[in-house]
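When you get a sec, could you build the whole thing from the sequences and use the hints?
Here the protein sequences come in this chain order: A and B.
Just so you know, we're using the numbering used here here: the first sequence kicks off at 78 and counts up by one.
Just so you know, we're using the numbering used here here: the second sequence kicks off at 455 and counts up by one.
Calculated from the structure, these hints are not laboratory results.
Bear in mind that the values here come from a model prediction, so they are computed numbers and not experimental data.
Be careful, since some hints might not be right.
[What the hints assert, rightly or not] Far from chain A, some chain B residues (derived; all Cβ distances over 12 Å):
(1) Asp593
(2) Gly598
(3) Leu703
[What the hints assert, rightly or not] Have a look at the derived ranges for each label pair, beta carbon to beta carbon:
(4) Asp626/B / Asp245/A: 28 to 34 Å
(5) Arg468/B / Arg276/A: 34 to 40 Å
(6) Arg568/B / Glu81/A: 52 to 58 Å
(7) Asp529/B / Ala183/A: 27 to 33 Å
(8) Asp476/B / Leu342/A: 49 to 55 Å
(9) Arg568/B / Leu342/A: 25 to 31 Å
(10) Pro280/A / Asp529/B: 37 to 43 Å
(11) Ser219/A / Ala624/B: 57 to 63 Å
(12) Leu342/A / Asn464/B: 35 to 41 Å
(13) Ala624/B / Ser84/A: 37 to 43 Å
(14) Arg468/B / Pro216/A: 56 to 62 Å
(15) Gly309/A / Arg568/B: 37 to 43 Å
(16) Asp626/B / Leu83/A: 35 to 41 Å
A virtual CB, placed ideally from N, CA and C, is assigned to each residue, including glycine.
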Amino acid sequence: MTVEPLSRRQLFERAQRRKSTLIAAASTSLIVLLVVVLIPKMPRWDRVRQSFFNAERFKDSFPRLLHAFVLDIKIFAWSVPFIVVLALLVAITRNSRSPALFPLRAFAIAYTDIMRGVPVLLWIYLIGFGVPGLGMDRPWNSPLLWGSVALVLTYAAYVAEVFRAGIDGVHESQRAAARSLGLSNMQSLRFVVLPQAIRKVIPPLMNDLVSLQKDVALVSLIGPVEILRQAGIDKSKFANFTPYLAAAAIFLLLTIPLTRTTDWLIERERRRTSGTRVR
Amino acid sequence: MTTAKISLRNISKRFGAVTVLDGVSLDISSGSVVSIVGPSGSGKSTLLRCINLLEHIDDGELLLDGNDVSIPGFDPNIVRRRIGMVFQSYNLFPHMSVLDNITLALRRVLGLSRVAAQDRARELLARFSLSDKELSFPDQMSGGQQQRAAIARAVAMEPEVLLLDEITSALDPELVGEVLDVVRELRTVGMTIVLATHEMAFARDSSDLVCVLDQGRIIESGTPAQIFGAPQQERTQQFLQRVINSGRL
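Written as structure tokens, this is what we have:
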């Protein structure tokens, strides 16, 4: 087998590749060196290691935290469908054009402004303590229920803005094409505008959902024992912060695969529907 | 006198302070091909969009088979079901395959079953030499292919009138021919066509009536022989001279 001699361009590109590999390797080693060598040289490293990186405490707390995390996942899972539906309704209302719908449009604008203008935590306190205070019977006085409602109402406002941006991003000519075929306003929205809008906003949407996954832990502040609360209990019991680290690890176990999968889905969809990619 | 398929009576359209259409009247008889020509910004696209009720008509009447469809409260979907439209930039739905682009309205507006809609779509794709593209997405096709697919989508609805809004303006010159061939074919089967166009040779050779639009008014209309052979209006002559000077006729 004969080996083709490399052209000048190939030689140049090979040199370029080597150069960038070298730079990447050097900078990575430098950072690792700084972290591994310098941090342990800090004056109170030993105490930090004891209270944050205690292997025994980690092993002890981990199963308990994982168990408590199930509640976080449950709150997340039942909140998301309500958030998406409510957010879509708000976004569609805000994008409506009929003059008759002005009151609804005004309400939708006020809703997103007010919900987004107050910290999530404050809504959880206000709704989570306020509504059960009305004295309704079980299960209607559950802080878990009203904490979830607070999450749904606040997150729906954020997600509605994401959807609205997506709807605005679909060119008017798409609507014109749909209407020219005789599709009604609602049909154009459902089959032409929304599918494109939602595809466009999947990355910011996932961003909001990852945020929600973390903010679910705020519900612990009005009572339910979920992972953050459980980690606090363990911390106090053993006077050690390692449970917090374990909780962080559990959050990452869920959020990282979630974001990676989304990116993969987006890339697959892009490859399926688009032409060639520019370099 | 037989009633025209479509009659425009004194149609006016304003965008704010700008008058885009200024009392346009036009009769389009069934089976004829009408070319609307004129300088950019003369109101050609707006005129077509008014016929399809995509634009609100400020003044005047639009008659379809003698019935006024421009009265307030008239369901525009009924008009659009009978009048198809093809756009300059194709406006195919990018998230759907070509087949789904065509079957969407067949199923949702005409109520055809999936199988019946796909049968009709495949028939048209074959007719427009796109059979191998039915599962392609718009972004994977050339401009000429996309525009032929867009025409197929409009024709699939079996409209009584087809509006073509500068359908070759966005195409590379060598792709214009394949799209115009499709329009010629539709003419031979008797489709009523109204087209806004800059393709003067096509307007001259393939239409029954040519209307010259300038600043929102039809300044002259007649057979291609009259308009291109012996234009009466000075502005028509100027317009045609500019077209000839730029090598487009």
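Can the suggested window of 27 to 33 Å be confirmed for the beta-carbon pair Asp529/B and Ala183/A?
-> Distance hint for Asp529/B, Ala183/A holds at roughly 28 Å.
Look at the Cβ atoms of Arg468/B and Arg276/A and judge whether their distance stays inside 34 to 40 Å.
-> Hint holds: Cβ distance 37 Å, inside 34 to 40 Å.
Beta-carbon spacing of Ser219/A to Ala624/B - inside the hinted bounds 57 to 63 Å or not = For Ala624/B against Ser219/A, whose Cβ atoms are near 59 Å apart, the range 57 to 63 Å holds.
Using the C-beta atoms of Pro280/A and Asp529/B, is the stated range 37 to 43 Å upheld?
-> Hint holds: Cβ distance 39 Å, inside 37 to 43 Å.
Would you check whether the claim that Asp593/B is not at the interface survives, using Cβ distances to chain A and the 12 Å cut-off?
-> violated, 5 Å
For the range 25 to 31 Å, tell me whether the beta carbons of Arg568/B and Leu342/A fit it or not.
-> holds, 26 Å
Is it the case that Leu703/B keeps its Cβ farther than 12 Å from each residue Cβ in chain A?
-> holds, 29 Å
Is 37 to 43 Å right for how far apart the beta carbons of Gly309/A and Arg568/B are?
-> Violated, at about 56 Å.
Take a look at whether the Cβ-Cβ distance between Arg468/B and Pro216/A falls inside 56 to 62 Å.
-> holds, 60 Å
Note whether the CB distance of Asp626/B and Leu83/A lies within 35 to 41 Å or breaks it.
-> The hinted range 35 to 41 Å holds for Asp626/B and Leu83/A, with Cβ atoms some 37 Å apart.
So does Leu342/A sit 35 to 41 Å from Asn464/B, Cβ to Cβ?
-> With a Cβ separation near 54 Å, Leu342/A and Asn464/B fall outside 35 to 41 Å, so the hint is violated.
Grab the minimum beta-carbon distance between Gly598/B and chain A and tell me whether it stays above 12 Å.
-> holds, 15 Å
The structure does not agree with the numbered hints 1, 12 and 15 stated previously, though it agrees with the rest.
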